[in-house]
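Chain by chain, the residues run as shown.
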Amino acid sequence: MTHQMLAYHMVDPSPWPLTGAAAALLMTSGLAMWFHYNSTLLMTLGLLTMLLTMFQWWRDIVREGTFQGHHTPPVQKSLRYGMILFITSEVFFFIGFFWAFYHSSLAPTPELGGCWPPTGITPLNPFEVPLLNTAVLLASGVTITWAHHSLMEANRNQTIQALTLTILLGLYFTALQAMEYYETPFTISDGVYGSTFFIATGFHGLHVIIGSMFLIVCLLRQIKFHFTSTHHFGFEAAAWYWHFVDVVWLFLYVSIYWWGS
Amino acid sequence: MLRNLLALRQISQRTISTASRRQIANRVPEKQKLFQEDNGMPVHLKGGVSDGVLYMITMGLTVFGTCYAVYELFVAAMPKKMK
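Chains S and Z are the protein sequences, given in the same order.
The opening position of the first sequence corresponds to residue 1 in the numbering used here, with each subsequent residue numbered one higher.
The opening position of the second sequence corresponds to residue 1 in the numbering used here, with each subsequent residue numbered one higher.
Derived by calculation from the structure, the hints in this document are not laboratory data.
Warning: the hint list may mix true and false statements.
Said to hold, decoys possible - Calculated cross-link-like contacts (lysine to any residue; reagent style SDA-like; alpha-carbon spacing at most 25 angstroms):
| id | chain 1 | residue 1 | chain 2 | residue 2 |
| --- | --- | --- | --- | --- |
| 1 | Z | Lys31 | S | Pro73 |
| 2 | Z | Lys31 | S | Phe55 |
| 3 | Z | Lys33 | S | His36 |
| 4 | Z | Lys31 | S | Val142 |
| 5 | Z | Lys33 | S | Arg156 |
| 6 | Z | Lys46 | S | Trp57 |
| 7 | Z | Lys31 | S | Val217 |
| 8 | Z | Lys31 | S | Trp57 |
| 9 | Z | Lys31 | S | Leu219 |
| 10 | Z | Lys33 | S | His226 |
| 11 | Z | Lys31 | Z | Lys46 |
| 12 | Z | Lys33 | S | Arg221 |
| 13 | Z | Lys31 | S | His36 |
| 14 | S | Lys224 | Z | Glu30 |
| 15 | Z | Lys31 | S | Met54 |
| 16 | Z | Lys31 | S | Leu79 |
| 17 | Z | Lys31 | S | Ile95 |
| 18 | Z | Lys33 | S | Phe233 |
| 19 | Z | Lys33 | S | Pro74 |
| 20 | Z | Lys80 | S | Arg156 |
| 21 | Z | Lys46 | S | Val62 |
| 22 | Z | Lys46 | S | Arg156 |
| 23 | Z | Lys80 | S | His36 |
| 24 | Z | Lys33 | S | Thr72 |
| 25 | Z | Lys46 | S | His71 |
| 26 | S | Lys224 | Z | Lys31 |
As the list claims (entries may be wrong) - Label-pair restraints from in silico Cβ distances:
| id | chain 1 | residue 1 | chain 2 | residue 2 | range |
| --- | --- | --- | --- | --- | --- |
| 27 | S | Ile84 | Z | Asn39 | 46 to 52 angstroms |
| 28 | Z | Pro42 | S | Asn155 | 32 to 38 angstroms |
| 29 | S | Ile84 | Z | Met41 | 56 to 62 angstroms |
Values in this document were obtained by computation on a predicted structure and should not be read as measured data.
Beta carbons are placed, not taken as given, at the ideal position from N, Cα and C, and that holds for glycine.
So that you can see chain S by itself, here it is in the shape it has in the complex:
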């Protein structure tokens, strides 16, 4: 580790960008192998190397920040910019799927029966499980804010409790959504309704799972005393991501579940 006098962080040479890129290659070619040659070996290898890369890369960031003190205020600022830009890119990712939904649903074609929901589709009742899901995610937004304030007030136990509650709510949402998926009378191959519904809500569900895992890591770090009351950017990043996931759900609920039914 070179000794540096500047406020910015010159990272040590790291193999993880290379392994990450290779993982992307393996996953994509693995998908092709799975679809066309009925072999899942390459895809499994890709997933495994991706998980290993993610674990070690983020472990190294924790080491650099919490244990080596490299996350000075300018560095933290750049990390904040980075997370904001990443979340913005994810917003645009979802905008694409909302575009697809509105394109198909605002002017339903004759093939669908000229109506939305299309003929033959029985949509889910938006005032049953989807409404519960909305309440669950909104509550999780409250609990994560509670956790943040507890953290800023150096209240260790309340931070742990509130963060745990947030994670439990996130897992509850995932479980409820999984049950809903099982119970839907329509599938992804049921025309454009099925496609837009499952792709939009499916990617959202994936983001809930990712967000929950991020929160679990934060909980473990909080238990291990990594965060201080003034310096806890990892937690803030997780909280931003979680609020983003919540907002996407609200749009999904209003557009697809409620207006689209």
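Guided by the hints, dock chain Z onto chain S, whose structure is given.
Quick look at chain Z alone, frame taken from chain S:
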């Protein structure tokens, strides 16, 4: 059963209110010392032997996987004969 439940309630309440019961000590200063040691090791190997093992496993899978992917691409590009 009920007595156990009551005992559990008492213990969990006490655990929540006194961190010492949880027996998790703050090990961050030890980690800080370990990772700030001037031994020239890059951060991804600085934690010890297990870092190296995990690195070798990851790199091994990466190299093998990349070679395998390239091999399969060649095979897929050949019309009929498998070499």
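Self-check item: Enumerated hints in conflict with the structure, sorted upward
Solution: Per hint list: 3, 4, 13, 17, 20, 22, 27 and 29 violated.
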